[in-house]
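Protein chains: 2
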Amino acid sequence: MALARSGIELRCQCIDTHSKFIHPKFIQNVNLTPSGPHCKNVEVIATLKDGREVCLDPTAPWVKLIIKAILDKANTKPENVS
Amino acid sequence: MALARSGIELRCQCIDTHSKFIHPKFIQNVNLTPSGPHCKNVEVIATLKDGREVCLDPTAPWVKLIIKAILDKANTKPENVS
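Quick note, the sequences are listed as chains C and Z, same order. Numbering-wise, the first sequence is residues 344 to 425 according to this note's numbering. Numbering-wise, the second sequence is residues 344 to 425 according to this note's numbering.
If you are wondering where the hints come from, they were derived from the structure by calculation, not from laboratory data. Only true hints are included.
It does not matter which identical chain is meant; a pair holds if it fits inside one copy or across any two.
List of simulated lysine-lysine pairs, DSS-like, C-alpha gap at most 27 Å:
(1) K383 / K416
(2) K368 / K383
(3) K407 / K368
(4) K392 / K363
Computed from a predicted structure; not experimentally measured.
Work out the full structure, taking the sequences as your base and the hints as a guide.
Here it is, written out as structure tokens:
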């Protein structure tokens, strides 16, 4: 997975995207960069638990589902898990 | 906005969250960290265009809307804008 990386994102960071499903348990965090003057593409970069960074396709349903699942888990506070 | 930051996230990074709406035009990127052994909270950290990092409430509707808007913009490819 090619990832052009500079300190400050002055251009697109993703050259292509990883199409196959990645199980959320392997994902450390997900970084969303809106399109802008620096890059016309919306970029979704997952950092995996093994340290690798992977560009994901922001239009892929499974990517949207993973992001939704991460946010939804915030609603299930660990304390009130009966 | 207090943000405890270490190189590798071994603990929670957000001490509290910014409750007021931040317009997407000020947001450089958004980082989502699922809850896990390192931190029981889902953490959403926005990096603003002025370089500041702000912890957002993952359960706040406007935060979810901003994330959805970022992803949805990927569907409107600049080329096919008629």
